[in-house]
Amino acid sequence: MQATYTLRVPLSPDPSSPAVAVEGLVMRYGDKVAVDGLSLNVARHTITAVLGPNGAGKTTTLETCEGYRSPHRGTVRVLGLDPARRRRDLLPRIGVMLQSGGAWSGVRAVEMLRHIAALHAEPLDVPMLVERLGLGECGRTPYRRLSGGQQQRLALAMAVVGRPELVFVDEPTAGMDPQARRTTWDLLEELRADGVTIVLTTHYMDEAERLADQIHVIDHGRLIASGTPIELTRGSGTSTIRLVVTEPFPADAPSSLSAALGPLTDVQPINEHSLLITGPADASTLAKISAWCEHHGVLPESLTLGQRTLEDVFLQITGRELTT
Amino acid sequence: MRAISRGTFTPRPGSAPLSRQVLAQARMETRLLLRNGEQVLLAVVIPLIVLVGGIVAAKKVDLEFSHSAVDTLTPGVLALAVMSTSFTSLAIATGFERRYGVLKRLGSSPLPRSGLLAGKVGALLFVEALQVLVIGIVAGALGWTWNPSAAGLLGLLGCILLGTAAFASLGLFLAGVLRAEATLAAANLVYLLLMAGGAVVFPTTTYGSFGSVLAWLPSGALGNGMRTVFLDSAFPALPLLVLAAWAVLGTILTARTFKWE
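These protein sequences, in sequence, are chains A and B. Numbered according to this note's numbering, the first sequence spans residues 11 to 334. Numbered according to this note's numbering, the second sequence spans residues -4 to 256.
No farther apart than 25 Å at their CA atoms in a straight line, the calculated lysine-lysine pairs in the DSS-like style are these:
| # | chain 1 | residue 1 | chain 2 | residue 2 |
| --- | --- | --- | --- | --- |
| 1 | B | LYS254 | A | LYS42 |
| 2 | B | LYS99 | B | LYS254 |
| 3 | B | LYS99 | A | LYS42 |
Here are the in silico distance ranges between beta carbons for each label pair:
| # | chain 1 | residue 1 | chain 2 | residue 2 | range |
| --- | --- | --- | --- | --- | --- |
| 4 | A | SER115 | B | ARG108 | 19 to 27 Å |
| 5 | A | GLY90 | B | VAL129 | 50 to 58 Å |
| 6 | B | ARG108 | A | ARG154 | 22 to 30 Å |
| 7 | B | LYS55 | A | SER115 | 38 to 46 Å |
| 8 | B | THR252 | A | SER49 | 32 to 40 Å |
| 9 | B | LEU43 | A | PRO137 | 39 to 47 Å |
| 10 | A | ASP216 | B | GLU176 | 37 to 45 Å |
None of these hints come from the bench; they were simulated from the model. All figures in this text were calculated on a predicted structure; none of them were measured in a lab. Virtual Cβ for every residue (Gly too), placed ideally from N, Cα, C.
Looking at chain A on its own, in the form it has when it is part of the complex (with noise of 0.2 Å):
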């Protein structure tokens, strides 16, 4: 006999409603503040990155849409719902990737997933997604037993097979191998092809700058730059010049370099023996560079231009780097 489904639940009446609005989020643990004041939206069939280091507060404001926690202040609305109050009509919607654990240690990796699965109404097809990742070899290993990557491919899994309408996903490829990152982000990249929203936390830039249609840069529970990849790199200059030296820099380097390259260029610390300069990396800049060196009595061990990435972004913004 064939299943009837009767708690389908109808898609949202707006679709050109964000799917996530986010607006002077506070969230306080004890007397820390882990986010401080974050308003974000994120557009609906796009994937959304949340870019910031360790600490940022990306995974709180992560749990507070998936309604884990209650903001301290603000408003939080996902698919045009309250998480907090409206869990229960939310949860069969979206779906939800945990930066670790959430499996029986004893369950075999198939058996976890098609549990998940029972609990929906039309889940995917179980055999297809174990396919897609990667499962397969490791199918019948209990959990305890899978690597890490194969651990994070089983939470992804469990977040889509519900086929969800949103899916957040909590740094999704953090210490996988190269090829179950391609794995990871072809699949994502297919389900925003098939409508799906998706939010990512993540703290590498190249995955950022590679998936999101929109990156959202936090730091201290604060939003600092918000864009496309092209947005955000673009900046002021179009290219960045990596200055390494073999012994420190003198501590007014910064000032000094900057003086003698003039206000169109920006120089910012990496660390003693590193600097960032930014702007037009053309002849003169780097006759400018070799001046400066040979005047301070510096000896450059490397000097390298590139454009600049979201990670040069994050450094200028906040005068860290983001992976440290």
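With chain A fixed as given, assemble chain B onto it according to the hints.
Using the frame of chain A, we list chain B on its own:
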């Protein structure tokens, strides 16, 4: 590069009917309970050792019961089996579910908390039915007999349901406030203490004047309830009331303190 839309992942969100979710959860939990070697030891092997050992010991030391040793001990061993599953196994399993983020993950699935609880209870009752079957067969082979009356059958059902409710709520209380390792240790310790001194296996009368106190413990109440059912073929009203009171207390404690993460 944009992926080509093929419609494989086109959203079709929705929950399965609650009954199907609960059944899936109960089946999953049952499989995991039975897969775990220590749990099977706790659920079946230890009660059987207590039964056989108790009969042998009673013979050796000339322990005086009002009924034969197997008739006296089997109801208590059944009570022990219910206690081991609904208290110790449940507490340990739930403690580790908290630790490994299983409860958190299920918390964002369509399965509501009530459905999770119902699934757990379903798994417990299924495992307990298996335990009763195995223990009943072994006890029968050792000469155990029972002529069930309507009151006795109703009483047995009441003992299993209310005993499970009382011990499960206390087990969840433990698992909800302690870390997983502490839950493991505490649940086993309490089990051992109640097995030895909680009037589960041996009638409260064997504990002398202390026995009247033990009758108010969930362990003593469940043991006495089972003995009333099997030895007297009667309905154990007072023990069931005591178990119901413990179930209410355990539920309130759990509801007030349980942490899902």
